[in-house]
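Asks: In case you want the letters, here they are:
Number of protein chains: 2
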Amino acid sequence: MPTAAELIQGILTGDRSSLARAITMVESTNTKHLSISNEIIEACLPHSGKSIRLGITGVPGVGKSTFIEALGTRLTSLGKKVAVLAVDPSSTLSKGSILGDKTRMPELVKNNNAFIRPSPSSSSLGGVARKTRESIILCEAAGYDTILIETVGVGQSETAVHSMVDFFLLLKITGAGDELQGIKRGIVEMADAIVINKADGQNIKQVDLAKLVFTKALHLYPPKENNWVPPVLSCSSLTHQGIAEIWEMIQNYITSNQKSGYFYTHRKSQNKYWLLQTIEEHLQRQFYQNSNVKNTLDKMIQEVIDGKISPFSAAEKLIRLSKER
Amino acid sequence: MPTAAELIQGILTGDRSSLARAITMVESTNTKHLSISNEIIEACLPHSGKSIRLGITGVPGVGKSTFIEALGTRLTSLGKKVAVLAVDPSSTLSKGSILGDKTRMPELVKNNNAFIRPSPSSSSLGGVARKTRESIILCEAAGYDTILIETVGVGQSETAVHSMVDFFLLLKITGAGDELQGIKRGIVEMADAIVINKADGQNIKQVDLAKLVFTKALHLYPPKENNWVPPVLSCSSLTHQGIAEIWEMIQNYITSNQKSGYFYTHRKSQNKYWLLQTIEEHLQRQFYQNSNVKNTLDKMIQEVIDGKISPFSAAEKLIRLSKER
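In the order they appear, the protein sequences are chains A and B. Residues in the first sequence are numbered consecutively from 3, following the working numbering. Residues in the second sequence are numbered consecutively from 3, following the working numbering.
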């Protein structure tokens, strides 16, 4: 096993296998690896933060992999170094991982300026999110200047990804008339842009229609904090039509937000968010793993549901129990 | 001071002054009153739950008081007993309480079948919400069969009110063209109906237009759990035009949801929500009031914001500190 110092040295010189091994360390649930991974992260922190972090979400079937392959290939052709990560808690429930199969990005996986990492497995979204967020730091320290983070638009993971990226992109395809059907509540609100994929062949007319519907829908939301009005674009990951324009739009967003300073205040508030979020998760885990609480919780919930005890009294009882030995 | 037994006896026989005094006890921050109020609530619980709980939200100026006055008067004319409560955390910051001034409901306040209670003052939304939720129990035990809970649609209080009512009504007025402007994110999604107030005089044409806009907007959201499609209605709290229809709509909702069983499962999940919510609030309060945490938190937040330490390491440090003496 390489030492922390060796891995740090490797990462900072852009060695891919050191990066991969360090991420494995970060993802490890083995407590022996915790102090090593903490040491690596703290050493990489001063070298991190210089990338553009881009979140990409969309329900299964929308073509996230081919889109990332197309965008990633475009980026490397512009001389960029691209890392692709994933937040996919569903993979732990063996519903199939979004990035588990690297062969879904056959071009990018062969590309020396691209680094693809499947979703870490963890029992909780909090765990997956933490590991992904620390992997971002390692990738940045290894010199990757564009980080693409993929997630599935069906659970709570979009909120987590939204809280770790500079730009959040919602990928869609045209459907059966009502284009807005099936979008999880809140996802449209989080999007900095909507991109309608598979704009090719017979589909183009429908795509233009969908663009209108989404543009209207986006106008129903209050303006964003930075006054950005999310645009609706389309592309074909097959013909690469529209991919260049999407990247140009994202770059314009980043540049103008860096000028206004929003880019930096946004990152700072994200850092603070993750601090408070981690504390909250820890407090909850500690409480619900307490053996007294474990033994009583179900009974208490049932009594509360049945109206036999008020939720507030039940909470007080459980909290008292959690403090007893 | 009356004993808990006296107050319980009074509440269960519908004595208004016992109810008022018991609510004062529930709202008290004096720890001496805690065991008495707990005793009262536990005694009232078996007699509670038989009312219809209706949440009413809307930004200041929308006419919530006159609407509640009109609806409440309609309800008492139908033989109902109406209690009006408020969740208004803003009042504690002396921004002015929504129900603080009872004279804003001159008719209802004289009505023997109506009970109006201003918003409790508390330093936190959690505190206000808890007190309101326990007051609902006392009002129900005192025989009130319709509970109206008012809140201001500008903060986090709508989520709290939404989690304690059977039906959530969003009150609006017509504005300057874009009717959806200024609605806080998420509130439209929570609404079981939108009612456009002040549909009188010169305003009627604009109201009809606004109804169209809102109906369209509501169709952009995914269907509700119980497949209810929130309707858009209008009324004049001045002429009482439309008030009867609004109540009829709410009654139809309640009846069909009671038939389907959704009414009851919804209440049960609300009870469970309040149990978990109370536990969460307690854990957070306990952590952030710890003196070690208090002394270090700001410094840690700054280091995290500045990227000097990762949010996860900072969280670990703070948690360790919270356990030291």
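Warning: the hint list may mix true and false statements.
A pair counts as met if it fits within one copy or between any two copies, since identical chains are not told apart.
DSBU-like mimics (lysine-lysine), calculated; alpha carbons at most 35 Å apart, straight line [said to hold, decoys possible]: (1) Lys-83 / Lys-296; (2) Lys-112 / Lys-319; (3) Lys-310 / Lys-82; (4) Lys-34 / Lys-226; (5) Lys-112 / Lys-218; (6) Lys-274 / Lys-34; (7) Lys-325 / Lys-207; (8) Lys-274 / Lys-218; (9) Lys-52 / Lys-34; (10) Lys-207 / Lys-261; (11) Lys-261 / Lys-301; (12) Lys-52 / Lys-274; (13) Lys-319 / Lys-207; (14) Lys-319 / Lys-83; (15) Lys-325 / Lys-261; (16) Lys-325 / Lys-34; (17) Lys-52 / Lys-310; (18) Lys-82 / Lys-296; (19) Lys-52 / Lys-296; (20) Lys-310 / Lys-274; (21) Lys-310 / Lys-296; (22) Lys-34 / Lys-218; (23) Lys-213 / Lys-52; (24) Lys-213 / Lys-261; (25) Lys-310 / Lys-207; (26) Lys-226 / Lys-112.
Quick caveat, the hints were computed from the structure, so don't treat them as lab data. Computed from a predicted structure; not experimentally measured.
Asks: Against each hint, give a clear statement of whether it holds in the structure.
Replies: So, going through the hints one by one against the coordinates:
In the homo-oligomer, the alpha carbons of Lys-83 and Lys-296 never lie at most 35 Å apart, since the shortest distance is 48 Å inside one protomer and 42 Å across protomers. In the homo-oligomer, the alpha carbons of Lys-112 and Lys-319 never lie at most 35 Å apart, since the shortest distance is 58 Å inside one protomer and 41 Å across protomers. Taking identical chains as interchangeable, the C-alpha atoms of Lys-310 and Lys-82 lie at most 35 Å apart only when they sit on different chains, with a minimum of 26 Å there against 62 Å within one chain. Taking the closest pair of Cα atoms, Lys-34 and Lys-226 never come within 35 Å of each other, the shortest separation being 44 Å inside a single copy and 47 Å across copies.
For a Cα distance limit of 35 Å, the shortest separation of Lys-112 from Lys-218 qualifies neither inside one copy, at 40 Å, nor across copies, at 48 Å. Taking the shortest alpha-carbon separations for Lys-274 and Lys-34, only the intra-copy value of 28 Å comes in at or below 35 Å, while the best inter-copy value is 38 Å. When the C-alpha separation of Lys-325 and Lys-207 is checked against a cutoff of 35 Å, the pair qualifies neither within a copy, at 64 Å, nor between copies, at 62 Å. Taking identical chains as interchangeable, the C-alpha atoms of Lys-274 and Lys-218 lie at most 35 Å apart only when both belong to the same chain, with a minimum of 34 Å there against 38 Å between chains.
Only within a single protomer do Lys-52 and Lys-34 lie at most 35 Å apart by alpha-carbon distance; the minimum there is 30 Å, versus 56 Å between protomers. Taking CA atoms no more than 35 Å apart as the test, Lys-207 paired with Lys-261 passes in neither setting, with 37 Å inside one copy and 45 Å between copies. In this assembly of identical chains, Lys-261 and Lys-301 lie within 35 Å of each other by CA distance solely across copies; the values are 28 Å between and 56 Å within a copy. Taking the shortest Cα distances, Lys-52 and Lys-274 sit within 35 Å of each other inside one copy (18 Å), while across copies they are farther apart (44 Å).
Taking identical chains as interchangeable, the C-alpha atoms of Lys-319 and Lys-207 are never at most 35 Å apart, the minima being 61 Å within one chain and 56 Å between chains. In the homo-oligomer, the alpha carbons of Lys-319 and Lys-83 lie at most 35 Å apart only across protomers (34 Å), although the nearest pairing inside one protomer, at 55 Å, exceeds that limit. In this homomeric assembly, Lys-325 and Lys-261 never come within 35 Å of each other (Cα to Cα): the closest approach is 51 Å inside a single copy and 43 Å across copies. In this assembly of identical chains, the alpha carbons of Lys-325 and Lys-34 lie at most 35 Å apart whether taken from the same copy (29 Å) or from different copies (22 Å).
When the C-alpha separation of Lys-52 and Lys-310 is checked against a cutoff of 35 Å, the pair qualifies only between copies, where the shortest distance is 14 Å, while the shortest distance within a copy is 56 Å. Neither within a single protomer nor between protomers do Lys-82 and Lys-296 lie at most 35 Å apart by alpha-carbon distance, with minima of 50 Å and 44 Å respectively. In this assembly of identical chains, Lys-52 and Lys-296 lie within 35 Å of each other by CA distance solely across copies; the values are 32 Å between and 44 Å within a copy. Taking the closest pair of Cα atoms, Lys-310 and Lys-274 come within 35 Å of each other only across two copies (12 Å); inside a single copy the shortest separation is 40 Å, beyond that limit.
Taking identical chains as interchangeable, the C-alpha atoms of Lys-310 and Lys-296 lie at most 35 Å apart only when both belong to the same chain, with a minimum of 20 Å there against 38 Å between chains. In this assembly of identical chains, the alpha carbons of Lys-34 and Lys-218 never lie at most 35 Å apart, being 53 Å within a copy and 57 Å across copies at closest. In this assembly of identical chains, Lys-213 and Lys-52 lie within 35 Å of each other by CA distance solely inside one copy; the values are 33 Å within and 48 Å between copies. For the homomeric pair Lys-213 and Lys-261, the shortest alpha-carbon distance inside one copy (29 Å) is at most 35 Å, but the shortest distance between copies (41 Å) is not.
Proximity of Lys-310 and Lys-207 under a CA criterion of 35 Å is satisfied in neither setting, with 59 Å inside one chain copy and 51 Å between copies. Within a single copy, Lys-226 and Lys-112 get their C-alpha atoms no closer than 38 Å, and across copies no closer than 46 Å, so neither meets the 35 Å cut-off.
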